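Enquirer: Spelled out from the first residue to the last, the chains are:
Protein chains: 2
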Amino acid sequence: MEALHLSNQLCFPFYAVSKEITKRYRPLLEPLHLTYPQYLVMLVLWETDQVSLKTIGKRLHLDSGTLTPLVNKLISQGYLEKARNPQDERQLVVQLTGEGRALQKQAESIPEQLAEVLGLNENEYFAYQRMLTDLSIKLGLTDDATC
Amino acid sequence: MEALHLSNQLCFPFYAVSKEITKRYRPLLEPLHLTYPQYLVMLVLWETDQVSLKTIGKRLHLDSGTLTPLVNKLISQGYLEKARNPQDERQLVVQLTGEGRALQKQAESIPEQLAEVLGLNENEYFAYQRMLTDLSIKLGLTDDATC
DNA sequence: TAAAATTAAATTGTGTACAACTTAATTATA
DNA sequence: TATAATTAAGTTGTACACAATTTAATTTTA
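Those protein sequences? They're chains Z and F, same order as listed. Residues 1 to 147 (our numbering) make up the first sequence, in order. Residues 1001 to 1147 (our numbering) make up the second sequence, in order.
The hints are simulated quantities; they were obtained by calculation from the structure and are not laboratory data. If you're wondering where the values come from, they're calculated on a predicted model, not measured in any experiment. Positions of the beta carbon are idealized from the N, C-alpha and C atoms, including for glycine. Among the hints, erroneous ones may be present.
To be verified - Each computed BS3-like pair below joins lysine-lysine, with the alpha-carbon atoms no more than 27 Å apart:
(1) F:K1138 x Z:K23
(2) Z:K105 x Z:K23
(3) F:K1019 x Z:K23
Stated by the list, open to error - Away from chain Z, derived, C-beta distances all over 10 Å, residues of chain F:
(4) T1055
(5) L1070
(6) L1096
Let the hints inform the model, and build the full structure from the sequences given.
Expert: See the structure below:
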């Protein structure tokens, strides 16, 4: 077996599929004026409002170099606002505006629409999800059952 | 089930795992002075030398906006050189230099090293590869058995 | 065969990613 | 408790990724 052939790589299909998924999100997220990473930040805040940048970064595996401009964009769009944590002025606390919270309703059908555009039925969806979550745990990206 | 929870997304673990894999390639590729996308271009050329930019793009699912500067970087590093196809002057033909070809030897152990840093045994490696390749075909990224 | 359509690269602009560094606030420790 | 170490954001620089546009070469077609 030719280890250096593209067809024998594990990681190339990962890279290609991941980019393709992001591409298929694009038209679904466009009406919400969100990119995929911006959508991920909104998911975190819809789940728990008022979170520090650090915490968002931990959940999404993104650092401040990526998150600072991304959150600033969401603020300029009116979806988020920021404040400092009075207990620790280093921390930036990010929270939803009314508009940001309202956006959640519009986003509700996105997971379902995505499964549709990926052409996956429920069984396939959950099989892939389980496998990816297992690998995610194996790689140390997910350290507990709640994340 | 809360469809908008991060933990219930299929695509987030994909995104996170894909980024993590790229991160784990970094120290393996650093001695070769290659980034992961640059390594992919080298893989294509090690497999078949003298390929047009268009063809590289088709195999890697990348467009000229990404590939033009990337190939220029590899040229400035002395790994590649470019010429025009005399039969069709629109086409840029990319080929390996002696140095670029020599690099292949140094790269030979990378797939093995990667499986190691990912902590996957042979069975797991092939199981994930099969699943990813299936999904890749399902998404229309791979249209025949040779790619 | 001249004009229109298509194609391959290159270019421009926006938005991630992330390493490395800076700044300011907090915590640990001598 | 003053100093050192740590921490959270922000900044800078490099490198993708891709949409949209431009330019030049080739192919179609009227």
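Enquirer: Run every hint past the structure and note whether it holds.
Expert: Checked hints:
1. A threshold of 27 Å between alpha carbons decides the hint, and for K1138 of chain F with K23 of chain Z the separation of about 15 Å falls inside it, so the pair holds.
2. Distance check on the hinted pair: K105 of chain Z and K23 of chain Z sit about 22 Å apart at the alpha-carbon level, within 27 Å; holds.
3. Simply put, K1019 of chain F and K23 of chain Z have alpha-carbon atoms about 16 Å apart, close enough for the 27 Å limit, and the pair holds.
4. Residue placement check: T1055 of chain F keeps its beta carbon more than 10 Å from all beta carbons of chain Z (closest about 12 Å).
5. For L1070 of chain F, the shortest C-beta to C-beta distance to chain Z comes to about 14 Å, beyond the 10 Å cut-off, and the non-interface label holds.
6. Every Cβ of chain Z is farther than 10 Å from the Cβ of L1096 of chain F; the closest lies at roughly 13 Å, confirming the non-interface assignment.
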